[in-house]
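Generate coordinates for the entire structure from the input sequences, incorporating the hints supplied.
Keeping their order, the protein sequence lines are chains A and B.
Just so you know, we're using the working numbering here: the first sequence kicks off at 410 and counts up by one.
Just so you know, we're using the working numbering here: the second sequence kicks off at 32 and counts up by one.
Treat the hints with caution; some may be incorrect.
Dumping the calculated DSSO-like pairs for lysine-lysine here, alpha-carbon to alpha-carbon at most 27 Å [as the list claims (entries may be wrong)]:
no., chain 1, residue 1, chain 2, residue 2
1, B, K112, A, K743
2, B, K172, B, K159
3, B, K262, B, K113
4, B, K172, B, K224
5, B, K112, A, K632
6, A, K632, B, K172
7, B, K262, B, K277
8, B, K262, B, K224
9, B, K159, B, K113
10, B, K112, B, K262
11, B, K262, B, K159
12, A, K743, B, K113
No lab work stands behind these hints, which were simulated from the structure alone.
The model shown is predicted, which means the values in this text are computed figures rather than measured ones.
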Amino acid sequence: MADVTSSAPSQGVSTTGGSLPVRFLRATELDTRMLGMLAALALIWLGFHIASGGLFLTPRNLWNLSVQSASVAIMSTGMVLVIVTRNIDLSVGSLLGFVGMIMGVTQAEILPDWLGFGHPAIWILTLALGIVLGAAIGGLHGYIIAYMGVPSFIVTLGGLLVWRGAAWWVTSGRTVAPLDTTFRLMGGGPYGAIGAFWSWVAGVAGCIALVLLLAQARRQRRKFHFPLRPLWAETFLAAVGCMLILGAVAVANSYPWPAGIVRNYAEANNITIPEGGLFIAHGIAIPVLIAVGVGIVMTFLANRTRFGRYVFAIGGNPEAAVLAGINTRWIVMKVFILMGILTAVAGAISSARLNAATNAMGTLDELLVIAAAVIGGTSLAGGVGTVAGAMIGAVLMQSLATGMILLGVDTPLQNIVVGIVLVIAVWLDTVYRRRVK
Amino acid sequence: MTGARTPLVEMRNISIAFGGIHAVEDVSVDLYAGEVVALVGHNGAGKSTLIKILSGAYQRDSGTIFVNGEEAQISNPRDAKKYGIETIYQTLALAENVDAAANLFLGRELMTPWGTLDDVAMESETRKVMGRLNPRFQRFKEPVSNLSGGQRQTVAIARAIYFNARILIMDEPTAALGPQETAQVAELVRQLKSEGIGIFLISHDIHDVFDLADRVVVMKNGQVVGTAATKDVTEDEVLGMIILGKCPPGAVAGPGALQVAA
Numbered sequence: 410m411a412d413v414t415s416s417a418p419s420q421g422v423s424t425t426g427g428s429l430p431v432r433f434l435r436a437t438e439l440d441t442r443m444l445g446m447l448a449a450l451a452l453i454w455l456g457f458h459i460a461s462g463g464l465f466l467t468p469r470n471l472w473n474l475s476v477q478s479a480s481v482a483i484m485s486t487g488m489v490l491v492i493v494t495r496n497i498d499l500s501v502g503s504l505l506g507f508v509g510m511i512m513g514v515t516q517a518e519i520l521p522d523w524l525g526f527g528h529p530a531i532w533i534l535t536l537a538l539g540i541v542l543g544a545a546i547g548g549l550h551g552y553i554i555a556y557m558g559v560p561s562f563i564v565t566l567g568g569l570l571v572w573r574g575a576a577w578w579v580t581s582g583r584t585v586a587p588l589d590t591t592f593r594l595m596g597g598g599p600y601g602a603i604g605a606f607w608s609w610v611a612g613v614a615g616c617i618a619l620v621l622l623l624a625q626a627r628r629q630r631r632k633f634h635f636p637l638r639p640l641w642a643e644t645f646l647a648a649v650g651c652m653l654i655l656g657a658v659a660v661a662n663s664y665p666w667p668a669g670i671v672r673n674y675a676e677a678n679n680i681t682i683p684e685g686g687l688f689i690a691h692g693i694a695i696p697v698l699i700a701v702g703v704g705i706v707m708t709f710l711a712n713r714t715r716f717g718r719y720v721f722a723i724g725g726n727p728e729a730a731v732l733a734g735i736n737t738r739w740i741v742m743k744v745f746i747l748m749g750i751l752t753a754v755a756g757a758i759s760s761a762r763l764n765a766a767t768n769a770m771g772t773l774d775e776l777l778v779i780a781a782a783v784i785g786g787t788s789l790a791g792g793v794g795t796v797a798g799a800m801i802g803a804v805l806m807q808s809l810a811t812g813m814i815l816l817g818v819d820t821p822l823q824n825i826v827v828g829i830v831l832v833i834a835v836w837l838d839t840v841y842r843r844r845v846k
Numbered sequence: 032m033t034g035a036r037t038p039l040v041e042m043r044n045i046s047i048a049f050g051g052i053h054a055v056e057d058v059s060v061d062l063y064a065g066e067v068v069a070l071v072g073h074n075g076a077g078k079s080t081l082i083k084i085l086s087g088a089y090q091r092d093s094g095t096i097f098v099n100g101e102e103a104q105i106s107n108p109r110d111a112k113k114y115g116i117e118t119i120y121q122t123l124a125l126a127e128n129v130d131a132a133a134n135l136f137l138g139r140e141l142m143t144p145w146g147t148l149d150d151v152a153m154e155s156e157t158r159k160v161m162g163r164l165n166p167r168f169q170r171f172k173e174p175v176s177n178l179s180g181g182q183r184q185t186v187a188i189a190r191a192i193y194f195n196a197r198i199l200i201m202d203e204p205t206a207a208l209g210p211q212e213t214a215q216v217a218e219l220v221r222q223l224k225s226e227g228i229g230i231f232l233i234s235h236d237i238h239d240v241f242d243l244a245d246r247v248v249v250m251k252n253g254q255v256v257g258t259a260a261t262k263d264v265t266e267d268e269v270l271g272m273i274i275l276g277k278c279p280p281g282a283v284a285g286p287g288a289l290q291v292a293a
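Next comes the structure, spelled out in structure tokens:
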């Protein structure tokens, strides 16, 4: 057993048999479903690129796409856990609006009175307040669902109405603007990106982390004499992973600041603009960096901690989880607290990007978030789902929206297309799962 | 045979009611080390309910539980496990969407020094214990829902015996199994018994009961009809206890026995 270099014996099939792609998949242990999603995404991108006459796969469009996906992607990571525990959260859009309004008022009207306008601590205090508020409201939802036994559909449907109303109430519908300049960096834009140098640093750090992770997993397996992946497969995974990371950085770094911003920046820093213009790259946008960080943390929570294991166990068989001595109610409540925190972060990003807090912010986001999670392979029956899948789902949804805008498709038709794609995606997934079984 | 030894478990005057219906009423049973006690009775006789009180899944309304002669506080499944009481439920109680190792260690995960799940160590331990029960089992990476009925049963059994149970509750352990696997479970019961583990066996199969159990407790309508050593009674007599509540001479009558005048 220990000499076998592939992990396939669990299937009871010979490790050497099968066609080349089958052997390849087995050796690399890649999730075929995830690969299918990435292929679909690539297809959509290519399709839009061709249809729009080469406008889609440009650094500028991809950079904007990444920024626009961030908010929904962040919330979708929490929605995965909510749905895995056989619950649903319909209130995230309204909650985003409410927390966004509170954060807007806090940073634009309350804190400047105390600390002075433009104080460097304003953004962090505002964000902290938003996160605490999101956690509290999520906790309230979770408590009513887990301890009082009201179905999550109803509780969060109520939340949808309550928090949207509350968002209006904060300022009686008045839009709050402009926001704190530091806070606004969370929304992206030329200044809300980390620049070429730090983007490369982040990219290289990501590559090193990936290689270390693969090496650590291999060491663990060897320690317990488990079958190892062939070395070529490990190398392949590391190489492709690093290429993707560095490729993304390269794209972000080839999107220059607009000329006007460069001119302002040059004047402010006493730089003379050379002949032919000064090239200053955006680099990775801060909201994207936050989203990636959230994705990593949530993946870690879901796969490597007791909490995550219990979340999935509850989704698989709630009764078994109780009999195993798991405090299922507290776990469910924690899932909703987490959802509230992520919604607050998404609210900060959305309002920072708008440079305003409006009471309509996040309207219908709950549906985008749920759709992203479901397209990403989360089963509404519970127990199944991945954080990475949901984030890819969010990017996929945003790609459709962006692509159709580039093509000049009317808004009603956009909604029709997105609705159809959602249904087809879930149908394909159902077919796939049936065949795998 | 039991003499003056302290019972491993003694449940004394246990009652529980659901919405006015007495599912278990004033039931007393005991279990000694290395002994198999069968609980038999019709569906709805209260066997599973009684057992769920011992395993911490239900809260009793009244009565006391003693483990090794000392009163035990069992108010949830975690408590029961602390006393070395492990249960194989009739429904198996497996999380279908995760693999065998995750189920085996559910609620008692092995952790790395950094406080994260140690999946590799858990899988390694699972391979060991499953290797003992079913050497041909290889599907460690698959969710339990992909396994056959017998393999799932094996996972449930592995979970119960891995943590050095002293008291094992088996609720219909062979209901989902074929003849060969049933024989395997019977073999396992004998082996565990020889290791000094006390076993409560709930079964519908009267042959199983006579094959494996030292004593039999018959329940009817939430009460104990009678208790008997299996060597003192016949299968027909036990059936008479189950169906009619009639206590034969070889058995000690309980509160639920049919009261015959004179």
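Hint-by-hint comparison with the structure:
1. B:K112 / A:K743: Holds - the C-alpha atoms of K743 of chain A and K112 of chain B are around 25 Å apart, at most 27 Å.
2. B:K172 / B:K159: 15 Å, holds
3. B:K262 / B:K113: 34 Å, violated
4. B:K172 / B:K224: 32 Å, violated
5. B:K112 / A:K632: With Cα atoms ~30 Å apart, K112 of chain B and K632 of chain A exceed 27 Å; violated.
6. A:K632 / B:K172: Judged against 27 Å, a Cα distance of about 18 Å means the pair holds.
7. B:K262 / B:K277: 18 Å, holds
8. B:K262 / B:K224: Holds. K262 of chain B to K224 of chain B sits at ~17 Å (cutoff 27 Å).
9. B:K159 / B:K113: Answer holds: K159 of chain B to K113 of chain B is near 23 Å, not above 27 Å.
10. B:K112 / B:K262: 32 Å, violated
11. B:K262 / B:K159: Roughly 37 Å between the alpha carbons, so the hint for K262 of chain B and K159 of chain B is violated.
12. A:K743 / B:K113: Holds, at roughly 26 Å.
In terms of the numbered hints stated before, the structure departs from hints 3, 4, 5, 10, 11, listed from lowest to highest.
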